[in-house]
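Visitor: Read off the chains here:
Protein chains: 2
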Amino acid sequence: MYRVGVDLGGTNIKIGIVDSRYRLIDQGLCRTNVKLGAESVIQEIVRQVYGILSKNEISGSEVAGVGIGCPGLVRIETGTVLYSNNFDWQDLPLKARLQEMMPWPVEIRNDAQCAVLGEMKAGSAVGYKNVVLVTLGTGVGSGIVVDGKILEGESGGGIAGHNVIKKNGRECTCGRRGCLEAYASATALISETKRQLKQHPESLIAELCAGDPDNIDGKTPFLAAGQGDPLGKKIIEEYIEALGNGLANLINLFRPGKVLISGGICNEEDALLIPLNRKVRENCFAPDWLSIPLVEIARLKNTAGIIGAASLIEAKETA
Amino acid sequence: MYRVGVDLGGTNIKIGIVDSRYRLIDQGLCRTNVKLGAESVIQEIVRQVYGILSKNEISGSEVAGVGIGCPGLVRIETGTVLYSNNFDWQDLPLKARLQEMMPWPVEIRNDAQCAVLGEMKAGSAVGYKNVVLVTLGTGVGSGIVVDGKILEGESGGGIAGHNVIKKNGRECTCGRRGCLEAYASATALISETKRQLKQHPESLIAELCAGDPDNIDGKTPFLAAGQGDPLGKKIIEEYIEALGNGLANLINLFRPGKVLISGGICNEEDALLIPLNRKVRENCFAPDWLSIPLVEIARLKNTAGIIGAASLIEAKETA
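Residue numbers (the numbering used here), protein chains in the order written: chain A, 18 to 336; chain B, 18 to 336.
I should point out that these hints are in silico values taken from the structure, not numbers from a laboratory.
Among the clues, some could well be false.
Remember, identical chains collapse to one label, so a pair may be satisfied in a single copy or spanning two.
What the hints assert, rightly or not - Derived DSSO-like pairs: lysine-lysine, alpha-carbon spacing no greater than 30 Å straight-line:
hint, residue 1, residue 2
1, 184, 211
2, 184, 52
3, 146, 236
4, 138, 250
5, 250, 166
6, 251, 236
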């Protein structure tokens, strides 16, 4: 039996088919037309599912189900997206709507939770029972596994991005102040770079963006820092300090065997990982007594979410 | 069968006997002579265990075991106290030493973890599977239960007191800065009150402590605030803000059914709870979408640690 995984993002819908051993048979991608509304996105998902199955000549009876990873707050029991600010969705019965349009079981879950499931099934965290994965993108997502199970609490748990790391700190999109997301997301890095550039127009960053702050992306401050630009170095240092602090807080609580990060910023590799691991170690409680796992880049990158979403469906193998 | 629970504190050793239904049959207390060293404390524990059993005419064959709750970092598998700054103990094989001196199974665990176990067995958290208990004393201890099990991770997890809530904030006893413990422990409240009094000698607090800052305890700033003293109000407001922030971070992650606090400061009851719950609600993520449990005072107070420690021993009932 095959399972379909869908990784629903603000920019793209990624889709893939996995076999019973979580090998990715095929994958595809299309743009997310958020502005056309929820119904349009739902119809696009359905179209993509039928499309990839037909392309791979897989019949309906060979499909165990469709798993969906979705940004935002998902109520698992009902399959409802309680709220997703990327999509501006509220109380959307995503599972029910999809099940009306497809004959297979559908399961939905938060996208970062799907990513950590994917890494556990086929990536960096195979064989681990306690895992923390933090995604660094538009926001800061988190998938936390305790004793082999995704941390949910009574409902909606495992949210690390909106933990306050600085009292009365930067404004966050959630309406509060000082959240990890306001310091450690890619968005936060970019907007901080723009803000700092205004105050330091002499910085190399001005040159790197050809004088237009709109050209600044997550790579820009790393590039500047790598070339010795003082402003770039300061911005990256502050970014890594906040992220290291947030990860250390999670390590103190969860003492995971694996700590993974993912997102475009991870392309910086050692320029990020080396100072980040130093900072994490400085910020962890009792480093002399408890071993502190090295923060690593999640191996599956873009496919973790697809594989994890597919893993929401229990494959029923016929012997 | 009976079980003995010992709640080892920096000031007192509390001891009790529970029956198979976690009813406390008897309890006792003696001073902890930390300065005489680990061996002396161990011998005192043994003396207390034999003493309370003999006083209650319970024979050795009726005892299933002895559980110990100990402040600091405990490695459960080995029964070692990795490190406890209250006792200045390091790598102490507490379980092994006690088992040499008593014929019963011995289990040891962190004291706040014992407190949450006690509340789950016989107190405020009976029937709950996701529970956060935070103790506000010399330090900030935490007992966190996920899906019915104490959160440990690979080893030594569940430490909330040393999570940083303020980047580059107050110095903490752990050597880092901005930890929750540096803001929300009773010790932190007292030292902040002393520090603020120096700058505001006109405050009612000066009168309440009869001019001697050494008379200040955790009640003093609450008393001053209750009488309208601006400095007292400011100190309590800041204390509650930090504690509310720390608890909200834990709620975002664990979404527990019960959130409990314990420690002497809880005697303030509504003067603490009402503004604290307001602050927690303000600081929690997605209050419109997820229900936020009210922070409550743990019911068992001083006996939670004893009962929880006793519960470390599995009672084997003869039918």
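Visitor: Give a verdict on every hint.
Guide: Now for the hints, and whether the structure bears them out:
Taking the shortest Cα distances, residue 184 and residue 211 sit within 30 Å of each other both inside one copy (23 Å) and across copies (22 Å). For the identical chains of this complex, residue 184 and residue 52 are neighbours neither inside a copy (35 Å) nor across copies (38 Å), given an alpha-carbon limit of 30 Å. In this homomeric assembly, residue 146 and residue 236 never come within 30 Å of each other (Cα to Cα): the closest approach is 33 Å inside a single copy and 44 Å across copies. Taking identical chains as interchangeable, the C-alpha atoms of residue 138 and residue 250 are never at most 30 Å apart, the minima being 37 Å within one chain and 53 Å between chains.
Taking identical chains as interchangeable, the C-alpha atoms of residue 250 and residue 166 are never at most 30 Å apart, the minima being 39 Å within one chain and 44 Å between chains. In this assembly of identical chains, the alpha carbons of residue 251 and residue 236 lie at most 30 Å apart only when taken from the same copy (14 Å versus 44 Å across copies).
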